[in-house]
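**Q** Each chain, letter by letter, is given below.
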Amino acid sequence: MVLFFQQIINALAIGGIYALMSVGYALIYSLLRFTNFAHSVAVTFGSYAIYVALTHITSNFYLGLIFGVLVGAVIALIIELTAYKPLLIKNSARSSLTIIGLGISTIGTNMIILIFSSRFKVIPTDFGGKSIQLLGAYISVLDIIIIAICLVMLLGVFLFINKTRTGLAIRAASHDLDSTALMGVDVQKFLSIIFILAGAMAGIAGVMLATKYQAYPSLATTMTNKSFISSVVGGLGSLGGAVAGSFILSTGEVMISGYVSSELRDLFSYGLLILVLLVRPYGLMGKRFDDKA
Amino acid sequence: MMLKVENLEYYYGRIHALRGVSFEIEKGDLCVIIGSNGAGKSTLMNSLIGLLDASGDVYFEDKKLTRGKPHTRIESGIVLVPEGRRIFPNLTVVENLLMGGFTIKNREEGVERAFEMFPILKERQKQRAGTLSGGEQQMLAIGRGLMTNPKMLLLDEPSLGLAPLIVNSVMQTIKRINEEGITVLLVEQNAKKALAIANKACVLEQGKIVRTGTGRELLNDPKILEAYLGGSRKKD
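As given, the protein sequences belong to chains U and B, one line each in that order. Mapping of the first sequence onto the numbering used here: position 130 corresponds to residue 139, and the numbering continues sequentially without gaps. Mapping of the second sequence onto the numbering used here: position 16 corresponds to residue 676, and the numbering continues sequentially without gaps.
Treat the hints loosely; a few may be bogus.
As the list claims (entries may be wrong) - To give a feel for the contact side, a few chain B residues facing chain U, derived at Cβ under 8 Å:
{"id": "1", "residue": "Ile709"}
{"id": "2", "residue": "Leu712"}
{"id": "3", "residue": "Glu735"}
{"id": "4", "residue": "Arg746"}
{"id": "5", "residue": "Leu751"}
{"id": "6", "residue": "Phe762"}
No wet-lab data here; the hints were simulated from the structure. Quick reminder that beta carbons are idealized off the backbone N, C-alpha and C, glycines included.
Kindly generate the complete structure, drawing on both the sequences and the hints.
**A** Structure below.
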């Protein structure tokens, strides 16, 4: 029972991080109908931003977190403006955008190796190994902080989408982007806002991942693969689905690591992806689109 | 002069869809452009609103409009109610209206006005727009188009796919909107009903304006009658 409780907390922390990243995939997919594989770059830079911040700039974790958010947002905006926007204006095939994204993801990882080498970087925090005892289980302080921040962020996104003017435009655009232009939405500016939002969440995820697992060049690609699986399981383009998929995946992974074998964890994740694509390709809550790229 | 279009040209790849289209609309006009399928009607409307980047000059209230960018057109007072209505089916009726007022501050007034004009929308305000009938969706699309209180309303085939009785009521609504002072440019395949409410009309054929006149002149023209109004049947 204690192990189970501990695993649930772990699943919530990992699921929260997956959710921050998979919501980014879902947002961009729902508007542009392509998967932004360059999303991992914003996560990678977020994870190294917290390292740089805490080793060179400040000792305050939360200031470092804000720095990571800014770095993630700026990186996502740069990628949108330099790579995607020119292609979108030319109305290129969605597969071109997907391929460009994969290329950028590789460039991002290699840039990090050039700058920081491929060694693991420990993020120095006050709460590094600390834990508290709750219901007989030892819960790491970091996991509690991660869960709290992820919940606040996800709630913030939910309120933003459902209560604001821009949020309404996002919901409208998820059905028909051209029609939102007819309503007076400046589509290019609007898309930049979406990339900034997705990048900011990716930055937070990067900070959390680095603090939890240390920073290394392939950290983000491994983890964004998982969050991409989450958003496919939940249904590409569905924000609620992305969040649900994230927690389903993290719970499954954590339980299999805890009770069966941690070697089977990835087998479970990718097996789930294949199963979903075979049985229910549009996911738990997804809409059916004609062209998935 | 409300709208002046000069030498509008547009190509879809090699297809020459608009061939030097020029026309003028005065303030308060209800102008109808009739034309068959593929004549370039929607291309013309999408170019006027900036969804398509056509070459040529468009002057609105004597000011030249920059190419592209629909949102700048909406800010200057032109709104398009697009072909096929293109309401947001996943949003509620009220949310659709609020989207129509994306660029303005106070949106309550517009919503109230739309409800006054189309009481059925008020009854269905919390319903998802995708569940409305075709006629109701058209009312919603028009109500949404009026949210910013535009100076000029472009309507692209509002009668498409609607039952004849509903078409009559849509045409009456358009006439009423025009009488309230909004300049209207209406593109229609349903020529007879559209010409009946128009004070000015053009015929678009293969991307060119081939005839202009008043609505009545075109309605009584035997050639037009034959080509667009099913007049040839009289010979049977």
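**Q** Run every hint past the structure and note whether it holds.
**A** The hints, checked one at a time:
Interface hint status for Ile709/B: upheld, as the beta-carbon distance to the closest one in chain U is roughly 7 Å, under 8 Å. For the restraint placing Leu712/B at the interface with chain U, the shortest Cβ-Cβ distance is roughly 11 Å, beyond the 8 Å limit, so the hint is violated. For the restraint placing Glu735/B at the interface with chain U, the shortest Cβ-Cβ distance is roughly 7 Å, inside the 8 Å limit, so the hint holds. With its C-beta approaching chain U no nearer than about 5 Å, Arg746/B sits inside the 8 Å limit, and its interface hint holds.
With a least beta-carbon distance of about 6 Å to chain U, the hint placing Leu751/B at the interface is held under the 8 Å criterion. At a threshold of 8 Å, the smallest CB-CB gap from Phe762/B to chain U is about 5 Å, leaving the interface hint in force.
Hint 2 from the list above is the single one not met by this structure.
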